[in-house]
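Starting from the known structure of chain A, arrange chain B on it as the hints suggest.
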Amino acid sequence: DTEVTQTPKHLVMGMTNKKSLKCEQHMGHRAMYWYKQKAKKPPELMFVYSYEKLSINESVPSRFSPECPNSSLLNLHLHALQPEDSALYLCASSTGFSGANVLTFGAGSRLTVL
Amino acid sequence: AQSVTQPDIHITVSEGASLELRCNYSYGATPYLFWYVQSPGQGLQLLLKYFSGDTLVQGIKGFEAEFKRSQSSFNLRKPSVHWSDAAEYFCAVVRTNAGKSTFGDGTTLTVKP
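Residue numbers (my numbering), protein chains in the order written: chain A, -18 to 95; chain B, 2 to 114.
Warning: the hint list may mix true and false statements.
To be verified - Here chain A is said to cover these stretches of chain B; the calculated rule only asks that three of the stretch's residues, wherever they fall, bring their Cβ under 8 Å from a Cβ of chain A:
id, region
1, 32 to 42
2, 98 to 109
Claimed, not checked - Listing some non-contacts, in silico: residues in chain B with all C-beta distances to chain A over 10 Å:
id, residue
3, SER15
4, GLY17
5, ASP55
6, THR56
7, GLN59
8, GLU67
9, SER71
10, PRO80
11, SER81
12, VAL82
13, HIS83
14, LYS113
15, PRO114
To be verified - The following residues of chain B were derived to be distant from chain A, with all beta-carbon distances above 12 Å:
id, residue
16, PRO8
17, HIS11
18, THR13
19, VAL14
20, GLU16
21, LEU20
22, ASN25
23, LEU47
24, GLU65
25, LYS69
26, SER74
27, ASN76
28, TRP84
29, ALA87
Worth flagging that the hints you see were computed from the coordinates, not collected in a lab.
Just so you know, these numbers come straight off a predicted model, no measurement behind them.
Glycine residues also receive a C-beta, built at the ideal position from the N, C-alpha and C atoms.
Just chain A, with the same shape it has in the complex (with noise of 0.2 Å):
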């Protein structure tokens, strides 16, 4: 299995709504990562998770907390977004947290804030 795998694809949610976004890849990769991306936009690192330890956090707002339950599992819970907040949100893994790593995305969740 060589596929990261996201749901929902889609997601529309309203201010007030709490929600959240899953991710899982049976790889056996241990760095999964959060990103942000806006149209036409290269994506936007979130979070990183190292061992299912949290190794980076880059200044995300709190209404956005992420979730490493396993190895194979990232989640991104989701609590009174904004608008602006809309967005595909990309899901990543790799074998380490290194830099001869190579990024396996998912194909992202579409997530549309009201």
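Coordinates of chain B only, in the frame set by chain A:
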């Protein structure tokens, strides 16, 4: 801090024509270098990478890239473009011994029939 520049925001080529997408980086040492492709509504897929050794690297889908240290460049090439190559292309760099990727702003490739 490292940075990546993709000078061409949008490139249009005819099907069957050759392609070169430019990427320049700014970093004190040679970083790890990557090219990714993103089709509409999809995630990014690795085309090729350079870590060390031979400066001409081959990738998937008939793409290749050449690392030129003197020019701090890692340009992507393809001899004959197919309509299915229309996509967004991102160059990325990672500092050696660090894990965080820095992406260029991307180049949108349009292929004319």
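Hint check results:
1. 32 to 42: holds (count 5)
2. 98 to 109: Since 10 is at least three, the answer is holds.
3. SER15: holds (23 Å)
4. GLY17: holds (27 Å)
5. ASP55: Per Cβ check, ASP55 of chain B is outside 10 Å of chain A; nearest 16 Å; holds.
6. THR56: holds (17 Å)
7. GLN59: The claim stands: GLN59 of chain B keeps its Cβ more than 10 Å from every Cβ of chain A (closest is about 15 Å).
8. GLU67: holds (19 Å)
9. SER71: holds (22 Å)
10. PRO80: Label holds. Min Cβ-Cβ 24 Å, cutoff 10 Å.
11. SER81: Its Cβ never comes within 10 Å of chain A, the nearest being 26 Å, so this holds.
12. VAL82: At about 21 Å from chain A, VAL82 of chain B clears the 10 Å cut-off, so the statement holds.
13. HIS83: holds (22 Å)
14. LYS113: Consistent with the label, LYS113 of chain B stays out of reach of chain A, its closest Cβ about 20 Å off (over 10 Å).
15. PRO114: With a cut-off of 10 Å, PRO114 of chain B remains clear of chain A, as the shortest Cβ separation is near 23 Å.
16. PRO8: Since the minimum Cβ distance to chain A is about 15 Å, PRO8 of chain B lies beyond 12 Å and the statement holds.
17. HIS11: Label violated. Min Cβ-Cβ 10 Å, cutoff 12 Å.
18. THR13: holds (16 Å)
19. VAL14: holds (19 Å)
20. GLU16: holds (23 Å)
21. LEU20: holds (20 Å)
22. ASN25: ASN25 of chain B clear of chain A: closest Cβ-Cβ about 15 Å, beyond 12 Å.
23. LEU47: violated (5 Å)
24. GLU65: holds (17 Å)
25. LYS69: Since the minimum Cβ distance to chain A is about 20 Å, LYS69 of chain B lies beyond 12 Å and the statement holds.
26. SER74: The assertion about SER74 of chain B holds, with a minimum of 18 Å to chain A.
27. ASN76: Given a closest Cβ separation of 18 Å, the condition holds.
28. TRP84: holds (21 Å)
29. ALA87: holds (15 Å)
Figure legend: structure checked against the earlier numbered hints; hints not met, in rising order: 17, 23.
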